[in-house]
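> Here the protein sequences line up with chains R and H, keeping their order. Be aware that the first sequence starts at 1443, since it is given in the working numbering, and climbs by one per residue. Be aware that the second sequence starts at 2, since it is given in the working numbering, and climbs by one per residue.
One thing to keep in mind: the hints can contain errors.
Claimed, not checked - Label-pair distances were calculated between CB atoms; the ranges are:
| id | chain 1 | residue 1 | chain 2 | residue 2 | range |
| --- | --- | --- | --- | --- | --- |
| 1 | R | Gly-1458 | H | Lys-58 | 45 to 53 Å |
| 2 | H | Ile-79 | R | Leu-1519 | 25 to 33 Å |
| 3 | R | Leu-1522 | H | Ile-79 | 43 to 51 Å |
| 4 | R | Arg-1550 | H | Gln-10 | 17 to 25 Å |
Stated by the list, open to error - Covered stretches of chain H (in silico footprint by chain R; criterion: 3 or more residues with CB under 8 Å from a CB of chain R, positions within the stretch not fixed):
| id | stretch |
| --- | --- |
| 5 | 16 to 27 |
| 6 | 50 to 59 |
Hints in this document: simulated from the structure, not taken from any laboratory. C-beta: ideal position from N, C-alpha, C; glycine also.
Listed here are the chains, written in short residue letters.
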Amino acid sequence: EAAVTQSPRNKVTVTGGNVTLSCRQTNSHNYMYWYRQDTGHGLRLIHYSYGAGNLQIGDVPDGYKATRTTQEDFFLLLELASPSQTSLYFCASSDVGAYEQYFGPGTRLTVL
Amino acid sequence: QQQVRQSPQSLTVWEGGTTVLTCSYEDSTFNYFPWYQQFPGEGPALLISILSVSDKKEDGRFTTFFNKREKKLSLHIIDSQPGDSATYFCAASAGSNNRIFFGDGTQLVVKP
Chain R
1443 EAAVTQSPRN KVTVTGGNVT LSCRQTNSHN YMYWYRQDTG HGLRLIHYSY
1493 GAGNLQIGDV PDGYKATRTT QEDFFLLLEL ASPSQTSLYF CASSDVGAYE
1543 QYFGPGTRLT VL
Chain H
2 QQQVRQSPQS LTVWEGGTTV LTCSYEDSTF NYFPWYQQFP GEGPALLISI
52 LSVSDKKEDG RFTTFFNKRE KKLSLHIIDS QPGDSATYFC AASAGSNNRI
102 FFGDGTQLVV KP
């Protein structure tokens, strides 16, 4: 069974729209991460968290908010979506933050 | 400043050949170096990893080499198979800051 799930798998919105991407992990891991993947840029870290209520800033946080409501659930919020946020978004979890990360299947977001 | 540099961006090899991917890094505090493999439509998954106390680690057809003095690492795939066609990411971590820094990835195509 998939230990990291993401929803939706695909999302299309318009410029200025509100989007929430969801991630759930059943690994009982403490750390969760949100990345975006773009051609030529690899995986770029947006936000991460080491537990419910905690949030750490990543390398490309502008335009994104995130919230960790429980150990299992981590949400990425785009409150005023822009075309530059069109990307493939991955969530990941890990037990000890700097070692093996387990990735979800990704959400493809298109902002028109 | 990019923490981990990876080359080449793309690579095509013939079935049965040897694939070599390389990475370099700057931060001398990095001590953990994983390689992730990503198939189309999926999230990345850990392929092989090495700690800075070692200079070589093998797992079947996959071997990763680490050169601490030159701050370089490489991934060798012997007897490359069409099923190895994927994007490969090298990464690095210091362990203490609970995050991994990824390279931009190499898209590998193995032709039959």
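> Now tell me, hint by hint, if it's right for this structure.
The hints, checked one at a time:
| no. | hint | in the structure |
| --- | --- | --- |
| 1 | Gly-1458(R) x Lys-58(H): 45 to 53 Å | holds, 49 Å |
| 2 | Ile-79(H) x Leu-1519(R): 25 to 33 Å | violated, 45 Å |
| 3 | Leu-1522(R) x Ile-79(H): 43 to 51 Å | holds, 50 Å |
| 4 | Arg-1550(R) x Gln-10(H): 17 to 25 Å | holds, 22 Å |
| 5 | 16 to 27 | violated (count 0) |
| 6 | 50 to 59 | violated (count 1) |
In summary, the numbered hints that this structure violates are 2, 5, 6.
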